[in-house]
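Undergrad: Generate coordinates for the entire structure from the input sequences, incorporating the hints supplied.
Protein chains in written order, with my numbering: chain A, 156 to 403; chain B, 156 to 403.
Derived by calculation from the structure, the hints in this document are not laboratory data. It should be emphasised that the depicted structure is a prediction, and the values quoted were computed from it without experimental measurement. All C-beta atoms, glycine included, are put in the ideal place defined by N, C-alpha and C. One or more of the hints may lead you astray.
[Claimed, not checked] Quick list of the computed label-pair ranges, beta carbon to beta carbon:
1) Asn337/A x Lys354/B: 38 to 46 angstroms
2) Met156/B x Asp189/A: 21 to 29 angstroms
3) Ser178/B x Asp189/A: 53 to 61 angstroms
4) His179/A x Glu197/B: 19 to 27 angstroms
2 protein chains.
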Amino acid sequence: MLKEERLAYILHQVNLHNKVLSSHLSEQIQVSEDTIRRDLAELALEGKIIKVHGGALSNSFHQGIASQDVYAVEDKKTIALKAVQLIHDGMFVLTTGGTTIAELARVLPRDLQATFITVSLPAAFEYANHPNIEVIVIGDKLSKGSKITVGGEAISKIKMIKADLCFLGNNAIDAEDGLTDNDWDVVQVKRAMISTAKKVVVLSISEKIDTSEQLKICDAEEIDVLITELPPDSKKLQPYKKKGIQIL
Amino acid sequence: MLKEERLAYILHQVNLHNKVLSSHLSEQIQVSEDTIRRDLAELALEGKIIKVHGGALSNSFHQGIASQDVYAVEDKKTIALKAVQLIHDGMFVLTTGGTTIAELARVLPRDLQATFITVSLPAAFEYANHPNIEVIVIGDKLSKGSKITVGGEAISKIKMIKADLCFLGNNAIDAEDGLTDNDWDVVQVKRAMISTAKKVVVLSISEKIDTSEQLKICDAEEIDVLITELPPDSKKLQPYKKKGIQIL
DNA sequence: TTGTTTTCTGCGTTTTTTTGCAGAAATTCA
DNA sequence: TGAATTTCTGCAAAAAAACGCAGAAAACAA
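TA: Structure, rendered in structure tokens:
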């Protein structure tokens, strides 16, 4: 059995049973416990499982305890303030989830009258704090990690909406590889949003610029606006400007 | 049982019952009291519980939550614990929102495998903490006060589901007037849920027994089970028993 | 292909963690 | 006060993890 096979099998077992014992896996896969331990350590490093003495637990086990510190809040606020300028009264706005989007929700002007449509429960909460904003939640199966709804039902609902704007958060973006992500369901949702929105806006902290993930969402050309915390004339952003993307 | 599992179990027990005895836990988990003590000490060090002679107490006990109505929370926990008994593996469960429902979500056993369908965003969050529970969010316009989705889209989605159970929280209930509420949209959603569920369960603190609101949801006869914090043979509940409602 | 480099895996040894136990000390309660 | 219960302390055994190493396997380059 190849290493990658083994890793996939272990991850599957963890997600299936919420816990695994090193000793048990070692017997099942017929490799030494040392190897299992190294595998578990690797998966834990990638954040896919939680390694504990004697085995490992599923991530969802103590999710509540997971560090909630929002990374790079200041940068995200900078991004959010730029993004807000694109939203005008009467617009229909589609948004994904993620902390950057949550930040956007917080800095919306109080007198803005618009309709926000989202698959993200945390974002919906934030939008609900604004008296003049109408919030539409897209329903479907709830993805526990990201707290967004995913699935065919959600996608067909999204496609029925003609949105003026679409804000995509939490991305890996690269001029050549385009927009990418690492969660199958999330990719489907984002694709649906892009296909139905008049203007696609990507919010990304500079750290994620020029990075790629496994799953492709769309080409760089399909993005209309890219917002980072960097100044628009920053050198790092020029490849994207060349692709015809507006930089804010 | 892994140590981390044990810690999670203990923490769950503490939050559930607000107190635990070392001796009791030792017997339940089948480890020595010494081990329990060390576990409790560890959890206390992390600030998750309060260690006392003979066992431990919940954090929320000592942290002086004067603003919150601790009394009602206790009642709601009592109700939730009764309600949990109705849920079995493989069931499809519809729920509304409200604090009693949220409490129900918190006391669900970790190994329960069921599908919860809800219009309530806070409830969805709580369900999402349970690894074995599938959460379906019903989408539509978000009602800002109650953080539940309402509207025709939501209602037609609800009606497409054949649920085994339906839990209704936050009610005014009266033997003659039946179940009533004061929010038009919420009433529509509850009606839809009642019409599609095999068994309708009303969760209500005794304070709301024998009270009525302006808008009627359904007659008392349509309710299958009524759960309050009172003992089932309480005098206050007899009129409902006469209507054919099972009292828990 | 062949040779080189890198990665992977298992094994023996050492170190750490976990757990239960016994006896002393502390706490509780009547 | 005094008896029962609980906690603390050190200790020992068992289990798991970490470490270094060497051979095997895989990837890479010429």
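Undergrad: All hints, please: hold or fail.
TA: Hints versus structure:
no.	hint	in the structure
1	Asn337/A x Lys354/B: 38 to 46 angstroms	holds (41 angstroms)
2	Met156/B x Asp189/A: 21 to 29 angstroms	holds (24 angstroms)
3	Ser178/B x Asp189/A: 53 to 61 angstroms	violated (39 angstroms)
4	His179/A x Glu197/B: 19 to 27 angstroms	holds (25 angstroms)
Going through the hint list in order, the structure does not satisfy hint 3, though it satisfies all others.
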